[in-house]
Amino acid sequence: MMQIPCILCGRRDESEFVCGGASHLLRPPLEASDQQWGDYLFFRDNPKGVHLERWRHAQGCGRWFNVARHTVTHEILSVYAITEPAPR
Amino acid sequence: MSGRRLAAPRGSRIDRERTLSFLWNGRPYTGLQGDTLASALVANGVQLVGRSFKYHRPRGIFSCGLEEPTAIVDLIDGRHRTPNARATVVELAEGMVAESVNCWPSVGFDLGAVNGWFAPLLPAGFYYKTFKWPNWHLFEPMVRRMAGLGRASLEADDDRYEEVCAEADVVVAGGGIAGLSAAVAAAQAGAGTILITAGTATGGALGWRDDGELDALAAKAAQAGVRILTRSVAFGVYDHNLLCATERLTGGPRGPRGVLRERLWKIRARSIVSAQGSFERPMLFTDNDRPGVMLAGAADEYAHAYGVACGRRAVIAANSDSAYQVAASLGAAGVEIVALLDRRAHADIGAHVDGVRVLPNTGIDKVLGTSAVRGCVAVAADGHGSRPERFDCDLILSAGGHAPAVHLHSQAGGRLRWLADGAMFVPDGAAPGIVSVGGCAGVFSRDTAVAHALDVGRALALGFTVPSATPCGAGRSLASTRIADARGKQFVDLQNDVAAGDVGLAALENYRSVEHLKRYTTTGMATDQGKTSNVNALVLMGELTGREPAEVGTTKFRPPFVPASLGALVGRRVGRLYRPLKHLPAAEWHAAHGALYEQFGNWNRPAAYPVGGETLHAAAQREARTVRRSLGVFDGSPLGKLEVWGPDAAEFLDLMYVGTMSNLARGQARYGLLLNENGIVVDDGIVARLDDHHFWVNTTSAGVERTASAFEEWLQCEYTNLRVFVTPVTSRYGNVTLSGPKSWEVMAAVGFDAGLSPGSMKHMTMRESALGDVPLRVLRASFTGELSYEINLPVDATTAVLDRLWTAAAAAGGALYGIEALEILRTEKGYIHIGTDTDGTTLPGDIGFGRAIGAKTANFVGRRSLLRPAALDPQRFQLVALSPADGRTQLPTGAQIAASDPPTTPEGHVTSSFWSPELGAPVALGMLARGSSRLGERIRVHHLGERIDAIVVKAPFIDPAGSRLHG
Amino acid sequence: MDSAAGITVELDRGVHVAALRYFDADALGERIGALLGAALPSEQRSVRGRFAVGDTPYLLAWRSPNECWVLCDDGAPIEALRRSLADSRDACVVVQTGGILALTIAGARTRDLLCRLGSAASIPRTGEARTGRFADITVTVVGLAEAEVLLLVDRAYANHLLEWIRATIADF
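Chains as they are written, first to last, in my numbering: chain A, 1 to 88; chain B, 1 to 967; chain C, 1 to 172.
Just so you know, these hints were derived from the structure itself, not from any lab.
Glycine is no exception: its CB is placed at the ideal position from the N, C-alpha and C atoms.
Take these hints with a grain of salt, some might be off.
Claimed, not checked - Only part of the chain B face toward chain A is listed, based on derived beta-carbon distances under 8 Å:
{"hint": "1", "residue": "D239"}
{"hint": "2", "residue": "G413"}
{"hint": "3", "residue": "R864"}
Unchecked claim - Derived DEER-like restraints, expressed as beta-carbon distance ranges:
{"hint": "4", "chain 1": "B", "residue 1": "F464", "chain 2": "A", "residue 2": "P87", "range": "40 to 48 Å"}
{"hint": "5", "chain 1": "B", "residue 1": "E588", "chain 2": "C", "residue 2": "R83", "range": "17 to 25 Å"}
{"hint": "6", "chain 1": "B", "residue 1": "G759", "chain 2": "C", "residue 2": "E43", "range": "50 to 58 Å"}
{"hint": "7", "chain 1": "A", "residue 1": "P87", "chain 2": "C", "residue 2": "S88", "range": "32 to 40 Å"}
{"hint": "8", "chain 1": "C", "residue 1": "G29", "chain 2": "B", "residue 2": "A222", "range": "47 to 55 Å"}
Claimed, not checked - If the Cβ cut is set under 7 Å, some of the chain C residues that face chain A in the computed set are:
{"hint": "9", "residue": "T8"}
{"hint": "10", "residue": "S64"}
{"hint": "11", "residue": "S119"}
{"hint": "12", "residue": "A121"}
{"hint": "13", "residue": "S122"}
{"hint": "14", "residue": "E128"}
{"hint": "15", "residue": "G132"}
{"hint": "16", "residue": "R133"}
{"hint": "17", "residue": "T138"}
Next up, chain A with everything else stripped away, as it sits in the complex (with noise of 0.2 Å):
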């Protein structure tokens, strides 16, 4: 179980938390196409490495926020606020 670092309330356990998948995401507009749309919901990447990631503190302060995280260590690189653009 990992701990991760709400960007409030420091660190806890994960199951304090709900992931809420991958960080970025461009919401296509209405008039996109069917295509762009299913890929906007259905396809993700699946880096092994680091991976930018929406993460909320469900059973604590609420909030919602990005964290960067390796996939294959967990090692969190670093969690910024939920509306800040991905790091370089």
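Model the placement of chains B and C on the given structure of chain A, informed by the hints.
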């Protein structure tokens, strides 16, 4: 009979003043306080303790610790049965009852031994090649009965288990000299330190020698504030340095309530020190599984820690310098060392022992004796040299070398490297967060291990660079311990009966990868997880396939390191605490009024209120009928309630719902559907406008958390500029619902304000009101199709108001009704239940909301998905109402609808189905392909081989004009 | 009141609770500072003070950047707070009395109990308010003193939490 108790002062762990009685296979024996079951058996001369898994060969006690592969027993304690206990770690207790496993009628005379005659037909993987024709399932029950060792209890477990979370700067797994040193140094340098040790006290592998240094360390540990967990084993390292351990609690005498049996520790550690020592590797020689063949170090430990000699005359088969120390030590304890047969050449031997005959380059060709060792025959290991020599002995000790316990290091992702000299795997560098010290790091020189461990402890406490370990002190051992041209069975895995020939078979059939070797032969897959077999197996595979052990590698190490009981992993989550259940604010009132409680979603609430011995079904029928004839009183408190407040609340709700909420007038309410982005219906409910920027939102009882979370997600992640608060208030308000033609009559009699009457208050509106000094929010909405009032009130007033309303309702011929009756009533009206009539594929158009979507111009969640071809497919399943063609057969819920008999593609299924007391006939809802255009059609319902014809009818079944809503 | 060696557990069903909701903590703090006589608590903190009118003691527990809970033994000051914000478009008060119950745990073994409900990282120090997972449900724990905490729990789950606590201290 070869084991016996030695005279005092042998036996540092036993108390000769305290005798304990126990039963072994039904016979009474005695042992001493401090004995394990194994040491007590040895003291009583019991050598044959079990039968092997596959061949039912006689087996004895092999080791002195948690790596034990063969002394597997069942412990019986009243109703409680612990299967597959290792006798070597079971603390003997007064009145203990233990049995052999996998044998019948007895371990001494086991009919299963006939399997041994069929051994050639039962090599590794035999079940992949045999028992196939005509059908594997014919043989399966027999093979399953033969599998397994112990027997589990079928009784509920009376005992209790708890889970404890802790944090520490440094956690040391292993309480031997290295672990103790690391813990003391860390604590003295200021680190909050926990030490975990399997024994009843610290000391580890050296603990049973009278050792001043160990005692001094233990005292320092106590003084420095190290928290020591005894009888505890660290079984797993998980992400971010979570170390889990189980602590065995010796409860008091068993009372009727059971005992607190185990504690699960979940420790989040800044640093972990692995100090779990090493296992002794067995030698491979023919018939190396006979009772009387043991690990050399184990025999030494039995003699000195427990004061028992495992035999009178011992032959030692060696591949390690450690054998010589054992020879001297055991000899001093009174066991005659007949010979020390060293597999290694003279040049590799780095130790000696006085007064013992040592034969280099010598191995065992065969063992004499079946149920007990009677002797052995030794030959030159390389096949050359002198004639075979026979030795009379009752004990053969295996000293094959060291196998460091690298499990925790490996679980944490650490790599291993093979040391050719010592023929062992050791940690290769550190793993993140975990450092190895002592034997498990390959450090077998005591002074080096202590010095390194002290440095490590201090460095971890102060944040310095941690010094790496330098393996030393083990001398030289050969990788392979087999002699040339060995015939017969050399057992590699004693518990799963895997012999060298099976490894050969795997190599022959190209299962050469170590992961295939494991699964094909099952070596390392028994309850001992290969602690005494993995290295021998992979070395042998390497030999057979021309690879070095490092090339063959090890299989992936996974927790738990030792078997962990399910009870410990579950902790308090049994019975009522299995999952968090919600309770009604007026729960006691309902119970006092005859409520039959059941679980609906995560709520404990009345299914019905049976009277006079009614069945649940009869009660639900009566209650539903009464609601339509006069009225019913229902506790709707679980219905989800959210306060949505803010300048942008209206705009926000329009985005969330199918249906427009922003144009609701003050006091007006509207039903809405919530979709996910995939367009699927996920919740429904009623939204009422309280004020310009204040809305009351009802959700389903089970969906309130999900819906509130979805709202938060949109507000925090996407619509961040909208100023809205969503505050759940489900528990702050009680909800008493009256439903039926006499609802208002009863409310008026109780004293509710006339402004709430059906004449003054429209359907689908909400009014603030009061009953005396109890403020109310009353909603006229209906899930039954009858005139209904949902009275929301401060939760503390629920019981009182409920009681008043019930008194008046009962006088008017009303009934209390529960969920079962509600389901009947809403089905009669064709009202859907999310999750019952809908599933993960249901779109709003499927349940009749197509027009609402078309009418709404604003964007809302899921809108785009409704424009996809699949969403517009005319073949889609649509909600229909169904009646059985014969007017009386109830359609089974979940039954499939198909034009032809199975196997075939269904065209729908029945989602809700009840007997209608109002109609005296069954009513049902279902999903049917093109359902909305098949009114009047006859369809066929299939259920477990039966066929039932049904008609697609118009919903609702009752009151199509909906006039009953207005009383 | 339940008790065992070194611990007492007391349920307060009569505590008055309100959720303060606000878009901007500082702005709200300015607006109601006079009523409260103190500033709003910062992240994961709790504040004990007295209402200016009536000198009634209260406890404020931080829940999120947009929410604090106010606890008081008297409903009147909370009602006064609610009225004072009735016309605000930047903040509101949602009364939660009855929906949130308070359990006071005190004694030498308080921390031992909390460790058997949830993870050590979620346990507050004195003066903190931490919302976390305890007994498999969401609980806000306020550190009142070295060996005294307040557990704030949704009423519907109070039975579940109490039963877990009772089972645990029965084995103390």
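Hints, one by one, checked against the model:
1. Taken as an interface hint, B:D239 checks out: its beta carbon lies about 4 Å from the nearest beta carbon of chain A, inside 8 Å.
2. With a least beta-carbon distance of about 7 Å to chain A, the hint placing B:G413 at the interface is held under the 8 Å criterion.
3. For the restraint placing B:R864 at the interface with chain A, the shortest Cβ-Cβ distance is roughly 5 Å, inside the 8 Å limit, so the hint holds.
4. For the hinted restraint 40 to 48 Å between B:F464 and A:P87, the CB-CB distance of approximately 31 Å leaves it violated.
5. With their beta carbons about 34 Å apart, B:E588 and C:R83 fall outside the hinted range of 17 to 25 Å.
6. Our hint of 50 to 58 Å for B:G759 and C:E43 holds, since their Cβ atoms are close to 53 Å apart.
7. Hint check: A:P87 to C:S88, Cβ distance near 37 Å, so the stated range 32 to 40 Å holds.
8. Judged by the Cβ atoms, the range 47 to 55 Å given for C:G29 and B:A222 holds: they are separated by roughly 50 Å.
9. Interface hint at C:T8: violated, since its Cβ lies 26 Å from the closest Cβ of chain A, which is beyond the 7 Å cut-off.
10. Taking 7 Å as the C-beta cut-off, the interface hint given for C:S64 holds, the closest approach to chain A being about 5 Å.
11. Annotation: C:S119 was flagged as interfacial toward chain A, and the flag holds, the nearest CB pair being 4 Å apart, inside 7 Å.
12. The beta carbon of C:A121 comes within 5 Å of a beta carbon in chain A, closer than 7 Å, and the hint placing it at the interface holds.
13. The beta carbon of C:S122 comes within 6 Å of a beta carbon in chain A, closer than 7 Å, and the hint placing it at the interface holds.
14. Contact between C:E128 and chain A, as hinted, is not supported at the beta carbon level, the nearest pair being about 10 Å apart and thus beyond 7 Å.
15. Hint status for C:G132: holds, given a least beta-carbon distance of 6 Å to chain A, under 7 Å.
16. Taken as an interface hint, C:R133 checks out: its beta carbon lies about 4 Å from the nearest beta carbon of chain A, inside 7 Å.
17. Taken as an interface hint, C:T138 checks out: its beta carbon lies about 4 Å from the nearest beta carbon of chain A, inside 7 Å.
Consistency note: the structure conflicts with the earlier hints numbered 4, 5, 9 and 14.
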